[in-house]
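Each chain is listed here by its residues.
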Amino acid sequence: MEKKHCFGALYEFELLKILKNKVAIITFLVLFGYAFIQGEFEVRGNISSQELSKYEEINGRTIDEGLLDELKAVSDDAGNVTDDNRKGYQQLAYWIEEVIGYRAPIKDLDIETIYSKRESNIQEGYEAMCLTPEEIDFWKSKEKEVSRPFLYHDTIRSSGILEGTTNYMLMMAIIIAAGLSSIFASETQRRTDLMVSASINGKKELYLAKILAGMTYAFGCVAVLLITFYAYTACRWGITGMDCMVQSYRPLAQMNMTLGGLLAILVTLLVFGTLLIASVTLFISNVTRNAVATMTIIIGMFIGLFMAGLHVPLKARFLSQLLYLFPGIQVTSRVLYDYRLIKIGRYFTQYQVAPVLYIMLSVVFIVAGYVFYARYEIKNN
Amino acid sequence: MELKIDRLTKQYDSKIAVDRMSFSLEKGVTGLLGANGAGKTTLMRMMVGLLSPTSGEINYDGIPVKSEEYRNVLGYLPQDFGYYPEFSGKEFLMYFCALKGLDRKAAKARTAELLKLVGLEDVAGKKVKKYSGGMKQRLGIAQALINRPEVLVLDEPTAGLDPKERVRFRELIEKIGKEAIVLLSTHIVSDVENIADRIIMMNSGQIVWQGTWKEEDGSLEDFYLKTFMQ
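Chain order of the listed sequences is C and D.
Going by my numbering, the first sequence opens with residue -7, and the numbers climb by one from there.
Going by my numbering, the second sequence opens with residue 341, and the numbers climb by one from there.
Here chain C stands alone, though its shape is the one from the complex:
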C-alpha cells in the first residue's frame, strides 16, 4: 500500500481529542466566564460610569506647581480630599503618594521636591537591583526621552484593563495544564499507544500533529479570552486612557511609552509565554506519560517559580533576574520598573529579551520532546 502523508487529518483528530476532553472544556468555560467578571468588576473598580466624570476633572493637566497648589487647597495635610466632587484631586494625591511615600504630608511640598524624590527613588531602585554604571547610563538616556513635567491622567479604567491582562498568564497555565496534559499521557494511560506506534504515521507526523493541535488550542484559548475581556470592556466602559503616558500609572517608569504600548507589550509576553508553557506541558506529558502528574508539575512549577521570583533577594542578581524572566512575573506591570538589562551586543530590557527566550526554549522543548518520543518504547505489560 502506498503511504500518504495525512498530517491534516491527524491534526484535526488530535484537536478533536482535546476539544472532547471534558476537563479542558470545563476549565475553559469557567475561565471564559471569568473574562466577563473581570470585564465587569476589575475594570469598573468601585466606580460607576456616572461617577467617572468626577475623576476626569484634571485629566490632561500638567503636574506642576499650579496643580499642586489646587490639590493643597482641596485636601488636608495628608492629601485627603473630602469633597466628593473633586475625586480627580484625590487620584492625584495617590499618584504623589506613590512617589513621596504613603501618608507623607503634602502641605509644604513643592513640585521640584516631587520630581527629585522620584529621581532618588529610581536611584534607590538602581542600587537595589545592583545595576552597572552602563545600565544606569542606559536608563538615564531613556529618562531624557520622557517629556516633563508629566501630564496627569486618571488610570481608573486603563489600570483595570492592564491588571486584568496580567491575570491571564496564570489562567493560561491552568487552561494549558487542563487541556494539554493528556495529549501524550492518555495514549499510554488508555493503552492506545500500542496500535498507534505500530502504524506508519505513528511517529514524526503524529508528534507534529499533536504539537500543532496543542498550540492551536492554547493560542485559540488565549485569543478568545483576551478578545472577550477587551470586547466586553470596550462595550461596557470604553477603552479609555490608553494614549496617556505610563508615568500616570507607574511614576517610577522610565520609558517614553503610552499605556497602549504597555498593553501591547503585556499581550506579546502573554502570547509567547503561552507558547512556552504549552511547549513545557507537552514535553512533560510526553516524558511522564501521566496526565495528573503533568498537571501537578505545571501548576506547581508556575506557583513555585512565581513565588521564588518575588522572594529571591534582588542582591542575588543573576538568580533574581533569571526568575523575573519567568512568564508569570514578566506579564505584570513589573516590566516597567525592572531596570536590569541584558547585554547581547547592546543592552536590551527584560521584556525585549523574554519573547525571544520563550521562542528559543519552546523550540528546545519541542525538539527534545521529539527525540524522546521517537525513542519511546512500549513497556511490556
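It cannot be assumed that every hint is accurate.
As the list claims (entries may be wrong) - Derived, one-sided and incomplete: chain D residues facing chain C with beta-carbon distance under 8 angstroms:
#1 Arg411
#2 Asp420
#3 Ala438
Calculated directly from the structure, the hints in this document are not laboratory data.
Beta carbons: idealized from backbone N, C-alpha and C, even for Gly.
Once you have looked at the hints, place chain D on chain C.
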C-alpha cells in the same frame, strides 16, 4: 512473503521472556498457543517493532521490523488495547486510517467497508465508550485490517467475542490468511484448531512444539494439555 525470526531473545533483568526463538512464517494462518505468561505477547510486540529484542533479528522479506516500510504492510491488534472514549466508531477508524496513511477519500470508503465487515455499521456514529466489550474488540479487528496488511498480528483477538462473533471472526481470518501472513495468539485451542495452517506452542519463552495439525491427529486440545502437563 516471509517473516523470519532468528535467535530472538528478550530478557528483563533476570527473567527471560523469549529465549532464542527461531522460525519463519509464510502466507497462511499460524496459531500461537501458550498459557498466560508463556511469552506470546512479548514475542508479538517484538514482531511488530514495538519492543526491541535483547538479541536476535526479525525481518520481513529482508525489511527490518522497526522500519516504516514494514509498518506500511503491518496490521496489529494488541491484547487489552485502549480506545478514545469520546470518538465514535467511525471517527476511531478514520483516525487510524490517517495513521496508516490513507487519504480522506480512501479512508471514508475503507471505514465504511470495515464497519460493515465487522458488523458495526449501524452503530458507527455511537461513541466507543458506549460499545460492549465484543463491539470494541470488533472495532480493534477492523483497525488492524485498514491497510489490507500483508502481515497481520493478532494478540488474543477473540477475547470478549460471543460464540457467533467467534465463528464470523474465524471465517474472516481464514479468508485473510489466503493472501497474508497471519499470526494469531490465543490460549483457547478451539480458536485456531480449524483455521490454522500451522501451530506453534510456546512455554517459558521457548517453542515446545510446532507443526501442522490434521484432523486425523486427534484432538489438538488434548495434545496441548498433554504438552503443557509434561
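Taking the numbered hints from earlier one at a time, note which ones the structure violates and give those numbers from smallest to largest. none
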